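Visitor: Chains as they are written, first to last, in our numbering: chain E, 2 to 346; chain D, 7 to 340.
Heads up, some of the hints might be wrong.
As the list claims (entries may be wrong) - Calculated cross-link-like contacts (lysine-lysine; reagent style BS3-like; alpha-carbon spacing at most 30 Å): (1) E/Lys266 - D/Lys286; (2) D/Lys204 - E/Lys344; (3) D/Lys65 - D/Lys49; (4) D/Lys286 - E/Lys196.
As the list claims (entries may be wrong) - The following label-pair restraints were derived from C-beta to C-beta distances: (5) D/Lys186 - E/Ser222: 57 to 67 Å; (6) D/Lys248 - E/Pro274: 44 to 54 Å; (7) D/Lys248 - E/Met2: 33 to 43 Å; (8) E/Ser222 - D/Glu247: 51 to 61 Å; (9) D/His20 - E/Ala175: 43 to 53 Å; (10) E/Ser215 - D/Phe8: 32 to 42 Å; (11) D/Ser136 - E/Ala278: 41 to 51 Å; (12) E/His28 - D/Lys34: 45 to 55 Å; (13) D/Val244 - E/Ala229: 16 to 26 Å; (14) D/Pro262 - E/Pro274: 38 to 48 Å; (15) D/Asp42 - E/Met2: 53 to 63 Å; (16) E/Ser289 - D/Val244: 24 to 34 Å; (17) E/Asp288 - D/Glu247: 31 to 41 Å; (18) E/Gln338 - D/Lys327: 22 to 32 Å.
What the hints assert, rightly or not - Taking beta-carbon pairs under 8 Å as the criterion, some of the chain D residues facing chain E (in silico): (19) Ile44; (20) Pro169; (21) Glu318.
Derived from the structure by calculation, the hints contain no laboratory data. None of these values were measured; they are calculated from a predicted model. Virtual Cβ for every residue (Gly too), placed ideally from N, Cα, C.
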Amino acid sequence: MKLLVFAHSGEAHEFIKNTPSLKSHAHGEGRLHVGDDLAVLMTGEGMDRVFLHLGQALARLASVEKVYNFGLAASLIPECSLGQIISVRTVYRSLFERMEFKSYSSCDDLAVFDCISSFDRILDPKEAKKLSHFGHLVDRELWAVAALCHFHHIPFESFKLISDYGDQAISCEALKSKAQEYSCRLYEKFQQTLKHQNSPHPFSKPLDHREFLSKFYWTQSLRRQFEALYKRWEIANGPGSALPAIDEEENQKLSPKKKTIRFLKKMKESLSPTNSAVRKDIEAIIDSHPSTSKKFHIHYDNHLESKNLKVTMDISSQKDLDRGKQFLDTLPLKKIQSKIEGKNV
Amino acid sequence: MFNRVFVEKELREHLRAKRILSKLGLQKVEIVERYDDIWGQVKKPYLQKRQGLDLFIAKKRGQLIKKAPAAYGTVGAHHYYFIHAFNCIYECEYCYLQGYFHTPDLVFFINHEDILAEMKTVLGHHAKDSQVWFHGGEFSDSLALSHLSDEWEVYFDFFKANPKAYLELRTKSANTKALKNLSPLPNIVVSYSLSPFKVSQKIDRKTPTLKARLKAIEELALRGYLIGIHLDPIIDSVDLEKEYGELLDSLLNTLPTKQLSYLSLGVVRFTPAVFRQVQKNYPRSPILAQELTKSFDGKVRYCRPHRNRILEKIKTLCLKKGICEEKIYLCMEE
Numbered sequence: 002m003k004l005l006v007f008a009h010s011g012e013a014h015e016f017i018k019n020t021p022s023l024k025s026h027a028h029g030e031g032r033l034h035v036g037d038d039l040a041v042l043m044t045g046e047g048m049d050r051v052f053l054h055l056g057q058a059l060a061r062l063a064s065v066e067k068v069y070n071f072g073l074a075a076s077l078i079p080e081c082s083l084g085q086i087i088s089v090r091t092v093y094r095s096l097f098e099r100m101e102f103k104s105y106s107s108c109d110d111l112a113v114f115d116c117i118s119s120f121d122r123i124l125d126p127k128e129a130k131k132l133s134h135f136g137h138l139v140d141r142e143l144w145a146v147a148a149l150c151h152f153h154h155i156p157f158e159s160f161k162l163i164s165d166y167g168d169q170a171i172s173c174e175a176l177k178s179k180a181q182e183y184s185c186r187l188y189e190k191f192q193q194t195l196k197h198q199n200s201p202h203p204f205s206k207p208l209d210h211r212e213f214l215s216k217f218y219w220t221q222s223l224r225r226q227f228e229a230l231y232k233r234w235e236i237a238n239g240p241g242s243a244l245p246a247i248d249e250e251e252n253q254k255l256s257p258k259k260k261t262i263r264f265l266k267k268m269k270e271s272l273s274p275t276n277s278a279v280r281k282d283i284e285a286i287i288d289s290h291p292s293t294s295k296k297f298h299i300h301y302d303n304h305l306e307s308k309n310l311k312v313t314m315d316i317s318s319q320k321d322l323d324r325g326k327q328f329l330d331t332l333p334l335k336k337i338q339s340k341i342e343g344k345n346v
Numbered sequence: 007m008f009n010r011v012f013v014e015k016e017l018r019e020h021l022r023a024k025r026i027l028s029k030l031g032l033q034k035v036e037i038v039e040r041y042d043d044i045w046g047q048v049k050k051p052y053l054q055k056r057q058g059l060d061l062f063i064a065k066k067r068g069q070l071i072k073k074a075p076a077a078y079g080t081v082g083a084h085h086y087y088f089i090h091a092f093n094c095i096y097e098c099e100y101c102y103l104q105g106y107f108h109t110p111d112l113v114f115f116i117n118h119e120d121i122l123a124e125m126k127t128v129l130g131h132h133a134k135d136s137q138v139w140f141h142g143g144e145f146s147d148s149l150a151l152s153h154l155s156d157e158w159e160v161y162f163d164f165f166k167a168n169p170k171a172y173l174e175l176r177t178k179s180a181n182t183k184a185l186k187n188l189s190p191l192p193n194i195v196v197s198y199s200l201s202p203f204k205v206s207q208k209i210d211r212k213t214p215t216l217k218a219r220l221k222a223i224e225e226l227a228l229r230g231y232l233i234g235i236h237l238d239p240i241i242d243s244v245d246l247e248k249e250y251g252e253l254l255d256s257l258l259n260t261l262p263t264k265q266l267s268y269l270s271l272g273v274v275r276f277t278p279a280v281f282r283q284v285q286k287n288y289p290r291s292p293i294l295a296q297e298l299t300k301s302f303d304g305k306v307r308y309c310r311p312h313r314n315r316i317l318e319k320i321k322t323l324c325l326k327k328g329i330c331e332e333k334i335y336l337c338m339e340e
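Based on the provided sequences and hints, a complete structural model is requested.
Guide: In structure tokens form, the structure reads like this:
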């Protein structure tokens with residue numbers, strides 16, 4: 002679902018009029034209208050109201066895939082002139098005497114203008130000048146919209162109609178009188194944007210391995226591991242390339258979770274052949290050491306960085322102690338260290 | 007060239023500031039108290055550099071010369087780096103600047119006399135027979151915009167008067183214009199970072215091509231400059247030896263070995279913050295398919311046996327091609 006966020010009802014008017022499926026949400030206090038695949042929220046002016054009402058709306062609407070913010074902004078530079086509709090690139094926040102460090106970027110890669118959200122209307126030319134060092138437009142809400150989207154992992158876009166200049170005071174009444182005209186213009190922009198976004202994305206591609214992956218058991222953490230490995234897999238082997246083959250017969254003996262772990266291990270080995278080869282070599286050296294057992298064991302650095310070895314010995318008798326001494330005397334220290342040094346890999 | 011140019015108030019009448027502005031042909035600049043009232047005050051996404059940068063002309067304050075980390079330069083010498091600028095016009099996918107500063111905007115520091123005075127102080131702390139290196143280009147390419155910033159003349163004068171001090175200008179640029187007007191010195195080395203053609207083409211975005219860099223090396227060598235080479239970052243591949251063999255052949259056809267001052271080898275490595283930025287900025291980068299692991303200290307790199315194997319292979323190759331061992335050092339490795 003697309004969620005369209007406005008500060009004022011006047012700006013949202015044309016959107017509501019043209020979307021008959023929109024119905025007032027039972028708990029939306031008249032601010033939230035929900036339709037088939039579109040919802041409209043009117044937050045009221047200022048970042049505090051956005052935090053309150055958009056926060057509630059995002060909690061109520063579980064299926065929001067993208068947030069669009071439409072509204073008015075003042076221009077700080079001559080390049081953004083009255084009446085223009087600007088897609089915002091990055092939004093910053095003014096904190097009276099200083100700027101908030103944290104910023105958020107929209108998902109419009111082609112946008113080139115930045116917006117600053119301010120707690121107050123900017124009427125002082127000096128203040129407007131100061132802000133122009135950080136951005137091109139000033140509004141009252143966008144930073145809060147973007148912060149909530151970031152928190153909920155929802156992409157956003159923002160379109161601002163330039164209604165005035167930052168250093169020239171314009172009355173709220175004058176803006177209200179043009180609300181319907183502005184709403185029409187913003188609605189047109191939304192229609193154009195949708196048309197553009199519905200054309201197929203040149204880089205999008207489906208995940209081709211659903212059937213193959215359904216053979217495995219997935220916990221959240223295993224899925225995360227797979228997703229991280231799959232990103233590398235695609236870069237290394239090309240998009241949609243075949244995943245490592247699984248030996249069905251061997252896998253039948255394993256529990257579903259172990260089957261998945263083995264599959265992920267295979268992916269890792271394939272993506273990290275050098276690392277895997279070194280580990281295999283070291284483990285072969287350890288296993289071939291005659292005294293290695295559950296009681297006497299050699300541990301090497303898991304990061305393959307340190308040449309130090311750790312030896313654990315479980316000693317409960319004189320016999321164990323003698324065997325332990327022998328175990329240490331014959332420790333394959335140099336062999337293992339030379340593998341960690343990268344010799345004969 | 008720049009979206010906007012900001013000049014610090016106390017530098018607005020400074021000759022260097024005026025010269026830079028006249029080269030840029032700018033009528034209008036923004037005068038600000040201090041560059042860092044704006045620069046770095048907000049998190050500006052790194053890739054916004056593609057849509058243009060702001061330039062700040064400023065005074066470098068605080069520590070002007072910093073001790074370089076261990077294994078930064080040739081063995082047995084003292085190494086320092088100095089900061090003449092922040093940020094870079096290039097866009098190498100592995101560049102640590104993307105996770106280092108909070109903005110891609112450029113800063114030219116123009117109080118070079120202060121930097122040179124601090125170099126003089128540092129030199130005074132070392133025995134007269136010790137080799138002290140000052141490296142430029144740590145936070146910005148040394149030559150890429152040197153036709154504008156035009157700072158190297160005063161450094162050449164300083165190093166001429168202080169022959170026991172050494173200057174390294176690190177670069178990937180083919181812009182040798184500023185150096186052509188200066189006389190080479192035996193204690194000044196222009197050093198180039200090189201990667202094989204195929205790698206460079208993919209990940210050294212917006213940099214001069216390998217061919218252009220080799221051409222620049224050739225021109226500088228012909229003029230008598232000493233050249234340093236950084237084969238860094240080395241990124242493993244199935245054709246590693248073949249690719250580096252070809253690179254070394256092209257290099258040695260261009261550069262007489264007597265003018266090769268040193269050659270450093272370093273494998274690709276990242277701090278966690280920079281690696282996160284690479285993942286964000288270049289999600290399809292071939293670097294991300296490499297066998298990099300999060301190491302014990304949080305750094306992301308090849309594991310030790312892998313690194314050593316790569317470095318050994320390339321070092322052997324260099325020796326085979328006739329580069330003498332004393333000129334080779336391993337960068338940022340024990």
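Visitor: Could you tell me which of the numbered hints above are not met by this structure, giving the numbers in increasing order?
Guide: 6, 7, 8, 10, 15 and 20
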